[in-house]
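Peer 1: Each chain is listed here by its residues.
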Amino acid sequence: MAYEKFKILKSNCVPLPIENVDTDQIIPARFLKATERIGFGDNLFRDWRYNSDDTPKKDFVLNNKKFSGKILVGGKNFGSGSSREHAAWSIYDYGFRCVISSFFADIFRGNCLNIGVLPVQVSSGFLDKIFSVVFDDPKSEIIVSLPEQTVTIVKLNISESFEINSYKKENMLNGYDDIDYLMNIKDSIKTFSKTTPL
Amino acid sequence: MSKTLFDKVWDSHVVHKIKDGPDVLFIDRHMVHEVTSPVAFLGLKQRGIKVLFPEKTFATADHNTPTVNQHLPVKDPLSANQLLALEKNSELHGISYWGLGHEKNGIVHVVGPEYGITQPGATIVCGDSHTSTHGAFGAIAFGIGTSEVEMVLSTQCIMQPKPKKMRITIDGKLSKGVSPKDVALFIISKLSTSGATGYFVEYSGEVFRDMSMEGRMTVCNLSIEMGARGGMIAPDSKTFDYIKNREFTPKNKNWTKAMQYWETLESDQDAVFDKELKFDGELINPMITYGTNPGMGIGISKEIPLAKNQDGGIETYKKSLNYMNFDEGQSMIGKNIDFVFLGSCTNGRIEDFREFTKIIKGRKKASNVTAWLVPGSHQVEKAIKDEGLLDILIESGFELREPGCSACLAMNDDKIPSGKYAVSTSNRNFEGRQGPGSRTLLASPLVAAAAAVTGKITDPRTLY
Numbered sequence: 001m002a003y004e005k006f007k008i009l010k011s012n013c014v015p016l017p018i019e020n021v022d023t024d025q026i027i028p029a030r031f032l033k034a035t036e037r038i039g040f041g042d043n044l045f046r047d048w049r050y051n052s053d054d055t056p057k058k059d060f061v062l063n064n065k066k067f068s069g070k071i072l073v074g075g076k077n078f079g080s081g082s083s084r085e086h087a088a089w090s091i092y093d094y095g096f097r098c099v100i101s102s103f104f105a106d107i108f109r110g111n112c113l114n115i116g117v118l119p120v121q122v123s124s125g126f127l128d129k130i131f132s133v134v135f136d137d138p139k140s141e142i143i144v145s146l147p148e149q150t151v152t153i154v155k156l157n158i159s160e161s162f163e164i165n166s167y168k169k170e171n172m173l174n175g176y177d178d179i180d181y182l183m184n185i186k187d188s189i190k191t192f193s194k195t196t197p198l
Numbered sequence: 001m002s003k004t005l006f007d008k009v010w011d012s013h014v015v016h017k018i019k020d021g022p023d024v025l026f027i028d029r030h031m032v033h034e035v036t037s038p039v040a041f042l043g044l045k046q047r048g049i050k051v052l053f054p055e056k057t058f059a060t061a062d063h064n065t066p067t068v069n070q071h072l073p074v075k076d077p078l079s080a081n082q083l084l085a086l087e088k089n090s091e092l093h094g095i096s097y098w099g100l101g102h103e104k105n106g107i108v109h110v111v112g113p114e115y116g117i118t119q120p121g122a123t124i125v126c127g128d129s130h131t132s133t134h135g136a137f138g139a140i141a142f143g144i145g146t147s148e149v150e151m152v153l154s155t156q157c158i159m160q161p162k163p164k165k166m167r168i169t170i171d172g173k174l175s176k177g178v179s180p181k182d183v184a185l186f187i188i189s190k191l192s193t194s195g196a197t198g199y200f201v202e203y204s205g206e207v208f209r210d211m212s213m214e215g216r217m218t219v220c221n222l223s224i225e226m227g228a229r230g231g232m233i234a235p236d237s238k239t240f241d242y243i244k245n246r247e248f249t250p251k252n253k254n255w256t257k258a259m260q261y262w263e264t265l266e267s268d269q270d271a272v273f274d275k276e277l278k279f280d281g282e283l284i285n286p287m288i289t290y291g292t293n294p295g296m297g298i299g300i301s302k303e304i305p306l307a308k309n310q311d312g313g314i315e316t317y318k319k320s321l322n323y324m325n326f327d328e329g330q331s332m333i334g335k336n337i338d339f340v341f342l343g344s345c346t347n348g349r350i351e352d353f354r355e356f357t358k359i360i361k362g363r364k365k366a367s368n369v370t371a372w373l374v375p376g377s378h379q380v381e382k383a384i385k386d387e388g389l390l391d392i393l394i395e396s397g398f399e400l401r402e403p404g405c406s407a408c409l410a411m412n413d414d415k416i417p418s419g420k421y422a423v424s425t426s427n428r429n430f431e432g433r434q435g436p437g438s439r440t441l442l443a444s445p446l447v448a449a450a451a452a453v454t455g456k457i458t459d460p461r462t463l464y
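Heads up: the protein sequence lines correspond to chains G and R, in order.
Counting in our numbering, the final residue of the first sequence is number 198, and the numbers go up one at a time with none missing.
Counting in our numbering, the final residue of the second sequence is number 464, and the numbers go up one at a time with none missing.
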């Protein structure tokens, strides 16, 4: 599915300094019943964001008007648990284009890359600096440059580089899709299929 | 060059390598369920393409299905719509579909092995993280997202960087009352939920060799809970005996040919792993979790660890105990519970019901406990009846529900109420996993049975 190209993102961010944020928190299973990719942003962090009577929980960061932006900053081991891509969809549909953490769960990271959310892994020291700057001044901006593979805390004028393989980088810079790539080598896939033992 | 089991299977499935990018990996078996597939099928429709290899694709309904009155129309319109979508998509693309009411219906990771779809040396994917279950047969099996489901439907391939390799060796004999679930919860408690992220795990050693295929499936199933993409165990005579003569396994000459491949499937003596871990099987006790991720587990007779002894994330740790309404230093034994859930792709197989029944036989369900016993498939349900286990369950005051994922993820009506404690044989104790506000204690079928008859956390070894 097509997504917005990702080049350089300069934005405020939303801090969520909790570790092991799992995909059941990002989007609880009872909201996975759709047959189209519509409306998942409304249920992002549903049970942390809303009370059982659907009133907003005042102390949750998404309900705090001070914090906004296209970058979500989470604690270590972000996105653990289920393979539901709905978690990445809900983050994208809410309006985030980038998640920064000191560690990502594997399937979640892959799902993000496949739908146009850039997962940026930084050192735990750098992550702590982002949290402290943003809590200190919610208007603080972060610049994420995919071409340079750097993330910068503007206020402190410090940067750190992040990893992404060059194939995925190219995809995100151009909004390309893996399936287009695979469709182009379909003949060799069919030939290969005849050689598999099972 | 020496290769690990994982290398052998992975390398033989690489169609194409992309420089500084992922491998294009050919997929032998693609399992599909109703929740993570509709948007992928929609993608195919938009591209105007059909499923490339429908004969390598198998669909079942499990996540969203009711576990009572399955003969009646599904009440929840959203669930019904999702089930209908999978039925229509399967028909359109010529995929075999084992929907609600079909004799082969059940949890995708239970029916795959039962019908011999799961085979050694195969690459198997499904839009579900517990696809790692199938690694018990020496397959490379892992969960994928919906974009990848679309990828496999349309091209039978997936693009993945090759993971690093970890071997976990456990030798020794397990003590009485210690089950495969305890082995897995023990490993996760040592590694944490991110300790194996980026790795594919091979389990080796006496403990896994001694395990039944059901037990191996439980262990491999929980690989994802330590962050690993998957886990696998080299196939042996137990594996071959299990799969022989199942509906989808090769027959006659084809069996002989397949065996030639399968018998090569073990790590070479001098194969190198990126990480090796060893544990002593005799030191493992029945386990239970006390927090909100599967890494927060302890031996059942131990106390809840102190926050100050945590490696970091003290605030996250306290938040977790607060959610559970537990205090650090408390003993788990004797805590009252409200629900027991026996089932799921982790522990919903016949062996799990046999274990559960061992404890409850001659005892009565505690009056404060609501018990949901959910077989993983119709085949498991039938075996429960044929082996006389159902009579024992009924005699003790239990009922059997119909197959499905049920309260493991509570997408259907099987939701644990807010604030209630459930001893569950499933795989995740995340906040609200079993229903908003629910509090989950992960454990083995034996521990679940002990809780079901005493109404509180009880060491099953005291009930033999």
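Read the hints as simulated data drawn from the structure, not as lab findings.
All values reported here derive from a predicted model rather than from experimental measurement.
Every residue, glycine too, gets a C-beta built ideally from N, C-alpha and C.
Incorrect hints may appear among the rest.
Said to hold, decoys possible - Distance condition first, Cα-Cα at most 30 Å in a straight line; then the derived DSS-like pairs of lysine-lysine:
| no. | chain 1 | residue 1 | chain 2 | residue 2 |
| --- | --- | --- | --- | --- |
| 1 | G | Lys190 | R | Lys173 |
| 2 | R | Lys176 | R | Lys3 |
| 3 | R | Lys45 | G | Lys194 |
| 4 | G | Lys169 | R | Lys335 |
| 5 | G | Lys129 | G | Lys186 |
| 6 | R | Lys335 | R | Lys176 |
| 7 | G | Lys57 | R | Lys318 |
| 8 | R | Lys173 | R | Lys45 |
What the hints assert, rightly or not - Selected chain R positions facing chain G (in silico; Cβ < 7 Å):
| no. | residue |
| --- | --- |
| 9 | Ile18 |
| 10 | Gly21 |
| 11 | Ala85 |
| 12 | Ala122 |
| 13 | Asp128 |
| 14 | Ser129 |
| 15 | Thr197 |
| 16 | Asn254 |
| 17 | Trp255 |
| 18 | Tyr261 |
| 19 | Thr264 |
| 20 | Lys275 |
| 21 | Gly313 |
| 22 | Pro436 |
Peer 1: For every hint, state whether the structure bears it out.
Peer 2: Each hint tested on the structure:
no.	hint	verdict
1	G:Lys190 - R:Lys173	47 Å, violated
2	R:Lys176 - R:Lys3	36 Å, violated
3	R:Lys45 - G:Lys194	27 Å, holds
4	G:Lys169 - R:Lys335	51 Å, violated
5	G:Lys129 - G:Lys186	47 Å, violated
6	R:Lys335 - R:Lys176	23 Å, holds
7	G:Lys57 - R:Lys318	19 Å, holds
8	R:Lys173 - R:Lys45	53 Å, violated
9	Ile18	5 Å, holds
10	Gly21	3 Å, holds
11	Ala85	5 Å, holds
12	Ala122	5 Å, holds
13	Asp128	6 Å, holds
14	Ser129	4 Å, holds
15	Thr197	5 Å, holds
16	Asn254	10 Å, violated
17	Trp255	12 Å, violated
18	Tyr261	5 Å, holds
19	Thr264	10 Å, violated
20	Lys275	15 Å, violated
21	Gly313	4 Å, holds
22	Pro436	6 Å, holds
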